[in-house]
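Please model the entire structure based on the sequences and the hints provided.
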Amino acid sequence: MKVTMTVNGATCSGEVEGRTLLVSFLRDTLHLTGTHVGCDTSQCGACVVHVNGRAVKSCTMLAAEAEGATVATIEGMADADGTLSPLQQAFQDHHGLQCGFCTPGMVMSAAALLAENPKPTEHEVRHYLEGNICRCTGYHNIVKAVLAASGQDLPAVAAE
Amino acid sequence: MPKDHGIGASIKRREDVRFLTGTGNYTDDINIRGQAHVYFLRSDVAHGRLNKVDTTAASAMPGVIRIFTGADFAGVGGLPCGWQVTDRFGVAMKEPGHPVLAQGKVRHVGDPIAAIVAETLEQARDAAEAIGLDIEELPAVVDMKAAIKDGSALVHDEIGSNLCYDWGFVEDNKAAVDAAIKGAAHVTTLELVNNRLIANPMEPRVAVGDYHRATDESTLYTTSQNPHVIRLLMGAFVLGIPEHKLRVVSPDVGGGFGTKIFHYAEEAFCTFAARKLNRPVKWTSSRSEAFMSDAHGRDHVTKIELALDADHNFVAIRTETYANMGAYLSTFAPSVPTWLHGTLMAGNYKTPHIYVNVKAVFTNTVPVDAYRGAGRPEATYQLERVIDKAARELGVDPIALRRQNFVREFPYQTPVAVVYDTGNYDATMDKLIEMADMAGFPARRAASEAKGRLRGLGVNCYIEACGIAPSNLVGQLGARAGLYESATVRVNATGGIVVMTGSHSHGQGHETAFPQVIAEMLGVDESLVEIVHGDTARGPMGMGTYGSRSLAVGGSAMVRAAEKVLNKAKKIAAHLMEASDQDIEIKDGRFHVAGTDKSVAWGDITLAAYVPHNYPLEDLEPGLEETAFYDPSNFTYPAGAYACEVELDPDTGRVTIERFAAADDFGNIINPMIVSGQVHGGIAQGIGQALLEGAVYDDNGQLLTGSYMDYAMPRATDVPFYSVDHSCVTPCTHNPLGVKGCGEAGAIGSPPAVINAVLDAMNSGGIKIDHIDMPVSPARVWAAIQTAKA
Ligand code: FES
Ligand code: FES
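Heads up: the sequence lines are chains A and B, in that order. Quick note on numbering: the numbering used here labels position 45 of the first sequence as 28, and the sequence is numbered without any gaps. Start counting at 1 in the second sequence, then tack on 35, and there's your number in the numbering used here.
None of these hints come from the bench; they were simulated from the model. All values reported here derive from a predicted model rather than from experimental measurement. Do not rely on the hints blindly, as some may be mistaken.
Now the stretches of chain A that chain B is said to cover, found in silico as 3 or more residues with beta-carbon under 8 Å [as the list claims (entries may be wrong)]:
| hint | region |
| --- | --- |
| 1 | -13 to -5 |
| 2 | 52 to 59 |
| 3 | 70 to 80 |
| 4 | 86 to 96 |
We treat Cβ as the ideally placed atom computed from N, Cα and C, and that holds for glycine.
This is the structure:
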């Protein structure tokens, strides 16, 4: 079947099978390989994208279910000229990534959090990111990056 | 003011930009025109005789290109083991074969039986279901101690036993150790389990084999920490492809933690099948496959005895360990419980007599090999736990007991072969006491108790041997590889520099940190320096990244090559300015003749090297490119002290980590930001081991923890902000950068701190208990509390 959706502002369509997952459509059909697959039980969050503004694990949604939807992936987060968004920049500034494999999902989840809750506490950040596993960073600098991106005074909210 | 460039500056990572914008190039992102997909049919029984694999019906299924079984690999070498351990009787370890696809028997759940190559993955998977298997199930060998009793089923019939080796270290010390223990004023004995872990880098393994018939060249794209090693092992021992016809590429790799060091069957298969089929063949591991095919880690069962004299000086240590090898010997498996474990048994302490015994055992489980720390966490855990137990038994302060026994004079020859070059264990302990605010602990404990909770403080030290290793030494110890590292520094005509390193970054930030060293040495800006790694076609033979060796060994190779470049550049500068090269010095990025106002820029020199019109051609070759191989003269010995504070709910058994502090001595630091990040990640893995993670097999050899539903990974809510410090510096005495390595410390130093804290909490609440095994799940804590109360 044919599906059509808006991905990072552009209209995209492609042929998929009924069982094709949204993440496969993004990676294999649209070649948007920034969205990653880290598990097969919907628990790692490497595949998080936004569908109609909400954070979704794209390995748990069929491509067909996203028909007509507006999808945002990591590839659409920076400005057109390549300038990183404030959240992406905070990840770099605070060393919130190492191997980078969990990073697209982390950034997309964190962006959804900040859209819902612009000034989260440390506890709220940790809680919101519970569905995203990072094996490299021990989360320390990810949490700091998200708090920093929220514009809060880091030493005040992130006592080490 | 902190430095903003060169050595010691917390420069932001350049690689982040591609990772943050989704433009990294991980192996699964590689798709080659015309590629076929492979799905591996894996054993779902732990142990069985493979009577028949019938592929007739499956081969006729839509899209199937070819189905391979063990028979197709009859003339092909098995997966080699890279380390041969000699046992305490001078006999070589048992080394059974490890076929690419199972032959005759299946030996663990996940053992690959057939490989179905099809146009799409879905077609391959569908066809796998049509393969007819006749497997006669055999009793599974799971428990290590039972495995080496007479009458046990045999994982490998041909070797007649499940014992791989019985290793004694140092065998000649045994009698003295036994005597010292017999005559000691006090002996503390502890039996413990170092739980089996699964490394779980977030990127699952991937292999893409490609072949060009016209040139007879094979390329393997693979998620490896050491592509050159894979090329050598697979080319020379498995498939018989010489290096000049085999290229191995490991592009962006999403974490390794040891499990991506090893040469795996799927890599050999994809390379082999691409040649056979004259088509690219791709395999991407699912997470479920990763759980049953990535080498696991740890899995030791240990009894340790610590003997003390009447003044509480350590006089002897004796250990007996059962180490699980799993069903086959993974690439470096035999070295982990032996040379990477026994040699660290002295810890930070002067103990004159030490004897380590290790029995390595085959079982019907996934092979076990190095996982972050590899042997050293096992050594640290048992030693730091037994010291805490001794302190409790003797009624002395655990920190004071440690301090009393610290090694304070360097170099220090341990009784377990290695020589510590330098260190200052008091300094890191002093730092830790301050960072962890131990003075404030009683007040925090009182606050917890007021809420009905228990609070515990756990402290330990650690030492590790990193920067593996002097090749001639490891050769004597059984390594079948050299452990040098290489670097080529290529300076281009207009001044840009490319460093080709044999080290491999899979999260460590080499692309940022290595240029800081070059910038410091050559007086250029970091932006002039590019790092190339992960491709056997683009750099000299290198040994890769593991054992915290990249900077200590790979960085040293880079320094040596850069020194050669610098010497030549000085000669060119001297020629251009008609001076002696002895008088050339670098200041503000220019090459000056000392004591004069004459200078040339870096670009003048590099251009002269490649456009040698005004150039000392009779004395100097044109060009500016140098290679160095660096073979270390010793290990490096990072060390430190860690503290953990937990709160424990006695009603539910739930333990939460409230504070964690780590004071490390890593020698000199190139990029403090990156170093802190490495420690954070290691601590989280150590907390994971202590509280959450554990791979569990049932009696039939079924893996009960085969997904993230059952294997608990640390998540953001499980850990606090950590306090880390690496300002206590005793530079390594034998490498040019004075660096020691920081990649594994966190994972080595943290588990005993957590467990010591949990036990402190329980004992403070009147729950008399002297050990609890990891992971200390709420159920386990609760049960221990009930037992202690009863
Ligand atoms: S890939 Fe793991 S949650 Fe989607
Ligand atoms: S940065 Fe490697 S998994 Fe998060």
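Cross-check of the supplied hints:
1. -13 to -5: violated (count 0)
2. 52 to 59: Since three or more residues must qualify, the claim that chain B covers the region 52 to 59 of chain A holds, with 3 doing so at under 8 Å.
3. 70 to 80: Contact hint for the region 70 to 80 of chain A vs chain B: holds, 6 residues under 8 Å.
4. 86 to 96: This one holds; 3 residues, not fewer than the three required, reach chain B with a Cβ under 8 Å.
When the structure is compared with the earlier hints, a violation turns up for hint 1 alone.
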